[in-house]
Amino acid sequence: MPSRVPIAHFVIRRHVLEPADNRRLAHLCGPLDGHLRAIEVALHVTLARRDGSFRIEGERGAVQRSIDLLDALYERAQSPIGERALQLTLLKAAAGGAGPATGLLDKPPAVDAPIVLHTRHAGLSGRTANQMQYLRNILSHDISFGIGPAGTGKTFLAVACAVDALERQGVQRIVLTRPAVEAGERLGFLPGDLAQKVDPYLRPLYDALYDLMGFDRVVKAFEKQQIEIAPLAFMRGRTLNHAFVILDEAQNSTREQMKMFLTRIGFGSKCVVTGDTSQIDLPKGMASGLIDAQQVLAGVAGMAFTQFTAADVVRHPLVARIVEAYERARPGPEAGR
Numbered sequence: 002m003p004s005r006v007p008i009a010h011f012v013i014r015r016h017v018l019e020p021a022d023n024r025r026l027a028h029l030c031g032p033l034d035g036h037l038r039a040i041e042v043a044l045h046v047t048l049a050r051r052d053g054s055f056r057i058e059g060e061r062g063a064v065q066r067s068i069d070l071l072d073a074l075y076e077r078a079q080s081p082i083g084e085r086a087l088q089l090t091l092l093k094a095a096a097g098g099a100g101p102a103t104g105l106l107d108k109p110p111a112v113d114a115p116i117v118l119h120t121r122h123a124g125l126s127g128r129t130a131n132q133m134q135y136l137r138n139i140l141s142h143d144i145s146f147g148i149g150p151a152g153t154g155k156t157f158l159a160v161a162c163a164v165d166a167l168e169r170q171g172v173q174r175i176v177l178t179r180p181a182v183e184a185g186e187r188l189g190f191l192p193g194d195l196a197q198k199v200d201p202y203l204r205p206l207y208d209a210l211y212d213l214m215g216f217d218r219v220v221k222a223f224e225k226q227q228i229e230i231a232p233l234a235f236m237r238g239r240t241l242n243h244a245f246v247i248l249d250e251a252q253n254s255t256r257e258q259m260k261m262f263l264t265r266i267g268f269g270s271k272c273v274v275t276g277d278t279s280q281i282d283l284p285k286g287m288a289s290g291l292i293d294a295q296q297v298l299a300g301v302a303g304m305a306f307t308q309f310t311a312a313d314v315v316r317h318p319l320v321a322r323i324v325e326a327y328e329r330a331r332p333g334p335e336a337g338r
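FYI, the numbering for the sequence shown is 2 to 338, going by this note's numbering.
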C-alpha cells in the first residue's frame with residue numbers, strides 16, 4: 002500500500018473528471034464507492050473523492066495508471082459498469098506494472114490491524130501469528146493456501162471467513178468440497194446412496210458450519226442454496242462466480258484435480274485450499290496435487306501460501322506434542338504417503 006512505497010517514488014496527485022456529469026460519476030464509483038475501493042486494491046493506491054475531483058496517493062507509476070483508468074472508465078460510464086467488466090479492466094491495468102490485481106471482495110487490512118470475523122462466535126480471530134497472517138492472506142488474495150498439521154485451524158478459519166463474507170453479502174454462496182479418497186475404508190461397503198456414502202468425508206465441514214452459524218441457520222442456508230457441500234469430483238465443468246470456495250484435505254487431490262479445481266474460480270469469488278502434506282491417502286506412486294501446487298504456483302501473482310507448524314495447534318496440548326514427535330520421526334515430505 003502507499004505507506005510502504007519509498008518516499009522518492011511516492012506521489013500525491015489531484016485529478017478532475019470532465020465534463021462534469023453526476024450520473025456518469027455515480028456509475029464510475031459504483032454502489033457505495035465500491036468500484037473505487039476495487040481500484041485501490043488492484044493498483045495499490047489510495048483514492049479520496051469530492052464530487053468529480055480525486056486525490057490519488059501511491060507509487061508514481063500506479064498513480065498515473067489510476068488516472069488513466071479513471072478517465073477510461075468515466076468515458077464508458079454512460080451506463081452502469083458491471084463487476085465483470087470492471088475486473089477485466091483492472092486486470093489489464095494491473096498487468097501494466099502496478100502489481101497483482103488481488104482480491105476485489107475486500108480491501109487488504111493493514112499488517113497490524115486485528116481481524117475480527119462476524120460469526121456466531123463474537124470476536125472470532127486468529128490466535129497465533131500464522132493464523133492471523135492466514136486471515137490476512139485470505140482477505141487480500143483471490144486464492145490462498147493453508148498448509149500444515151491437524152489442529153492448526155486451517156479449515157475452521159477458512160469456513161469462518163466464508164461465513165463472514167456470506168453474512169456481509171460479500172458473496173452469494175459458499176461452496177465446500179473435499180476429495181473422497183479412501184483411507185483404508187471402502188466406500189462400497191458403506192450403506193446408502195452416493196450422497197450417504199460420501200457424507201462421512203464431508204462431516205468436518207458440516208461440523209464447522211454448525212459451530213459458526215448454528216444448526217437452524219445452516220439448514221435454512223442449504224434450503225436457499227446459499228451453501229453447497231460436494232465431493233471434489235463433482236466440481237468438473239463448473240464455473241463458480243460470486244462464491245467463497247474451500248477445498249479441504251487438498252493433499253488427497255491429484256495434480257489433475259487440483260488444476261481442475263483452481264480453474265473453476267469465476268468473477269467475484271475467493272478460494273481457499275487447505276491440507277496437511279503429512280497425511281496423504283492417495284495410492285502409492287500418485288503425486289499429491291497440494292505438493293505439486295506448492296511448487297508450480299509459488300510466486301504466482303494473486304496467490305498466497307501460509308505454512309502452519311505444531312506451534313499453531315489450538316487443540317489439546319498433547320496434539321501439538323504428537324505433531325512434533327511425528328515431525329521429528331518423519332524422514333522426508335513423502336513419508337505421509
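Possibly wrong hints are sitting among the right ones.
[Stated by the list, open to error] Computed Cβ-Cβ distance ranges for the label pairs, DEER-style:
1. 22 - 288: 37 to 45 Å
2. 20 - 288: 37 to 45 Å
3. 20 - 169: 13 to 21 Å
4. 205 - 319: 17 to 25 Å
5. 22 - 310: 28 to 36 Å
6. 329 - 14: 32 to 40 Å
7. 220 - 130: 44 to 52 Å
8. 221 - 69: 40 to 48 Å
By construction, these hints were calculated from the structure, which means they are not laboratory data.
No experiment lies behind these values; they were computed from the predicted model shown.
Glycine included, each C-beta is placed from N, C-alpha and C at the ideal position.
Here's how the hints hold up against the structure:
1. Hint check: residue 22 to residue 288, Cβ distance near 56 Å, so the stated range 37 to 45 Å is violated.
2. At about 59 Å, the beta-carbon gap between residue 20 and residue 288 misses the expected band of 37 to 45 Å.
3. For the hinted restraint 13 to 21 Å between residue 20 and residue 169, the CB-CB distance of approximately 36 Å leaves it violated.
4. For the pair residue 205 and residue 319, the supplied restraint of 17 to 25 Å holds, since their beta-carbon distance comes to about 20 Å.
5. Hint check: residue 22 to residue 310, Cβ distance near 55 Å, so the stated range 28 to 36 Å is violated.
6. As the Cβ distance of residue 329 to residue 14 is approximately 56 Å, the hint placing it in 32 to 40 Å is violated.
7. For residue 220 paired with residue 130, a C-beta distance near 36 Å fails the hint of 44 to 52 Å.
8. At roughly 46 Å, the beta-carbon separation of residue 221 and residue 69 lies within the given 40 to 48 Å, and the hint holds.
In terms of the numbered hints stated before, the structure departs from hints 1, 2, 3, 5, 6, 7, listed from lowest to highest.
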